[in-house]
Amino acid sequence: MELLKQIAEGVVGGDEKQVAQLTGQAIEQGTPPKRILDEGLIAGMNVVGRRFKEHEIFLPDVLLAARAMYAGMDLLKPLLVRDGIPSQGKVVLGTIQGDLHDIGKNLVAIMLKGAGFEIIDLGNDVSPQRFVQTAKDQGAKVIGMSALLTTTMAKMRDVVALLEQQKLAGKIRTIVGGASVSEAFAREIGADAHGFDAASAVERVKILFGEN
Amino acid sequence: MKPLLERLAAGETLVSDGATGTMLLQADLEAGACPESICLDRPAVLANLALRYLDAGAEILHTNTFGASPIKLSMHGLAHQAERINATAVAALRQAVGDRAYISGSCGPCGKLLKPYGDVEPDDVYESFCKQAKYLIDSGVDAICVETMTDLMEAKLAVRAVKETAPRLPVMATMTFDPTPRGFFTIMGVDVPTAAAGLRDAGADVLGSNCGNGIGNMVKIASAFRGQTDLPLIIQSNAGLPRTEAGKLIYDETPEFMAARVRQLLDLRVSIIGGCCGTTPEHIRAIRNAVDAGVAA
Chain U
103 MELLKQIAEG
113 VVGGDEKQVA
123 QLTGQAIEQG
133 TPPKRILDEG
143 LIAGMNVVGR
153 RFKEHEIFLP
163 DVLLAARAMY
173 AGMDLLKPLL
183 VRDGIPSQGK
193 VVLGTIQGDL
203 HDIGKNLVAI
213 MLKGAGFEII
223 DLGNDVSPQR
233 FVQTAKDQGA
243 KVIGMSALLT
253 TTMAKMRDVV
263 ALLEQQKLAG
273 KIRTIVGGAS
283 VSEAFAREIG
293 ADAHGFDAAS
303 AVERVKILFG
313 EN
Chain Y
3 MKPLLERLAA
13 GETLVSDGAT
23 GTMLLQADLE
33 AGACPESICL
43 DRPAVLANLA
53 LRYLDAGAEI
63 LHTNTFGASP
73 IKLSMHGLAH
83 QAERINATAV
93 AALRQAVGDR
103 AYISGSCGPC
113 GKLLKPYGDV
123 EPDDVYESFC
133 KQAKYLIDSG
143 VDAICVETMT
153 DLMEAKLAVR
163 AVKETAPRLP
173 VMATMTFDPT
183 PRGFFTIMGV
193 DVPTAAAGLR
203 DAGADVLGSN
213 CGNGIGNMVK
223 IASAFRGQTD
233 LPLIIQSNAG
243 LPRTEAGKLI
253 YDETPEFMAA
263 RVRQLLDLRV
273 SIIGGCCGTT
283 PEHIRAIRNA
293 VDAGVAA
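These protein sequences, in sequence, are chains U and Y. For the first sequence, my numbering begins at 103 and goes up steadily by one. For the second sequence, my numbering begins at 3 and goes up steadily by one.
Isolated chain Y, as found in the complex (with noise of 0.2 Å):
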């Protein structure tokens, strides 16, 4: 395979796979219980899954590791477990697809407030994950992706984290935004100015968004950081914000829906799109032609 950021730097446009978390739980995971843990049960729905994004199109599948940090694990009794989990989610999907698609290793939040709003040190948080970062490298990762932050301290330490681990290995880095009267910010007061400067400063190769409240809020945030990096941009959007009928979890937006918003992504040089929560391999699929015939256009 050729390496991700050639591919980038050349203007291509790839891409990413969509849920695994919310795709999980329709089937094979337990109400409330930790996601990673299929890892160690399961690596063959892992696989199943993998295979399912990569026939709808997705060129970058991201592991089951989105909580296997070491402090994130812990809170599940897990900790012990790291490196097994990140391991296994990474020989997963590599049996499964091979070179046919990169494999990028998830890192979401400690769960935890860094010091001085919570109580964890950032330096345990920078090791752990170093940790997981290592894990996920020595497993042969393609990529990192550093997702659905809300906190920059954290998200610059995860980067950070990665760089010194393998300084060459890309990384991907996302935050979440809300749509305020004063524009998207975080939970935690970041605006997307903030995060794109400090992102880029922690070494990230890839900068963008994911999660979130829908695709259509994702293209004014792909707009906002267009307008201050020529950095590639990655943009996964949940379909929409869920809704509960009869206790069960529903996303309105359809792949249809979802793919008539690509061409604005690719207007504004977006290089990786995929989905986060509630997208599944149809949406992926409708992604995929809309990325094929925006490009051909």
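Just chain U, with the same shape it has in the complex (with noise of 0.2 Å):
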């Protein structure tokens, strides 16, 4: 349908207006929001992660993206809730305890966001009792940890380990990256799963959720 490709394309394009008001529009169409939420909103950010991987845009495209995204998420949220239509999941997501860097974390959060997750963004220096309570309190399934100093990253360890203490290990699933955090550091402290970028932490989380 040309309207949803439109919103697609403005998204990919980062105008914000001109998505919020052709969501509006599809709306008024009468057009399933699940609909306009697959083949608008999330095509577009799928477009915007490839390319961004690809190294074809920046950070800065990709914030224009997302915030393009929300306008139009905005209006479908009430929708989607009226019609029962499920997020993907929700993911709990923060960096770790000391570390204050952030970028890393938001990118994911933008590009789970895309792929139809729910996100609860627990923000900067998160300890491994506020990850897991969370995640308990809001029945989130997966936790992701971003950690850009090496200094930090013994923290992530920590998470794993009070999963297994509070018997939640399987239930409640890791995800962990960040500057510092290699795919063997993920394994050697027993998380569930490494994102090398924001693109493929996306890609994780969906094998994650698969799984459970």
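Just so you know, these hints were derived from the structure itself, not from any lab. Treat each hint with caution, since some may be false.
Claimed, not checked - Taking lysine-lysine and the DSSO-like style, the derived pairs with C-alpha atoms no more than 27 Å apart in a straight line are:
id	chain 1	residue 1	chain 2	residue 2
1	U	LYS308	U	LYS107
2	U	LYS155	Y	LYS114
3	Y	LYS222	U	LYS155
4	U	LYS119	Y	LYS117
5	U	LYS119	Y	LYS114
With the hints as a guide, dock the two chains, each given alone in a separate frame, to form the complex.
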């Protein structure tokens, strides 16, 4: 459908006003909200994610695209709730205790929202207890942790240990990422997945939900 | 001391120091702590490190003030200490080395994204850099180094803040680039020609790059800068990208490996060569020797 394609293009171009206006138009025309989400907003963010991964576009383009996507999402959300359309799943995100670098984590949040997940973003400097408690309270099945500093990475192990201690391992899965975090480190601390970059983090989170 | 810019204009090559942050993390800095808090607690640690770099042959020493702009310090609840942090950082080095080296005030990014991409007003960022510049200049720095920038707008605000505060103080400005299939770009999408033109227009006296993905890439970045400008260049490379081993940070590029690429930097007429994350006094000593040998050759 032409209108949905234009919404996707608006997201790619970071045109907040256009996306809001076209999304409103699509809703008025009676297009199912889930279709607007999938074929408009998410389709657009998929293009953005791929281009960012290929270095065709950079952080500013992604941030503007995300803002455009949110403009459409704000209009769709009440309708999706009304229609009882479940999100792809809930993910708790944050940078680990002691780490204030959140650009990477924010990118992952944007990409996950763009893929239809519900994100509970705890921000920076999040303690292991808070990660686990929030996931329990909110019924989130995945905890995503980011660390840029090697000095803070070790705290990720505490989250995994806390889940095991509370017999939640396997029920609440963990994914780790950030400049200093390697696949080998993820395995070493017993995390369920490692996201090399924002795009691969989304792929891994989808797999984690598939396994649940 | 002869003014820094006179020596650069005469075609001299100077060696600057290596890493501060990763050196402090080896022994003196707690995981996740604010690196600039050491200025308040233990300035002697900074003086000792400066003396080690001086002994290794560095003639330009950067202050431990990378994150000491008020906006950045506010993330650690230390904005109210900005003046003291910047002043003690400069004083620690000056007391240690006197006039045996130029002291360069380090100004890193504010740590937030500027509008329209983030939520910080460019005017607030400018004001924050003006304050830091004033504290550093009042404390007697010989130059200021705006470094590790990825957003050109922010880099220009920082350069202008210094030039507004002290028009004649030398300003070095460096950005951090990643290799992509289409050439080198910062994560914010700035390429070398755009960076070179923007930093020059803002008033930087010395341009270049720091941090990054190892000395091999830095040679290519230096070459790209040289193709754009005749201004003096500064290159301060990481000792490669770190990897982790049992939770410890390992930088693979040895002093010998980095020093072996100095010749190429000299051929590109790079004026200031130093190190960034992962480099040590041993790296700087090797670079010093390679510069001396290269200049004599």
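Item to check | Structure versus earlier hints, numbers of those that do not hold, lowest first | outcome: none
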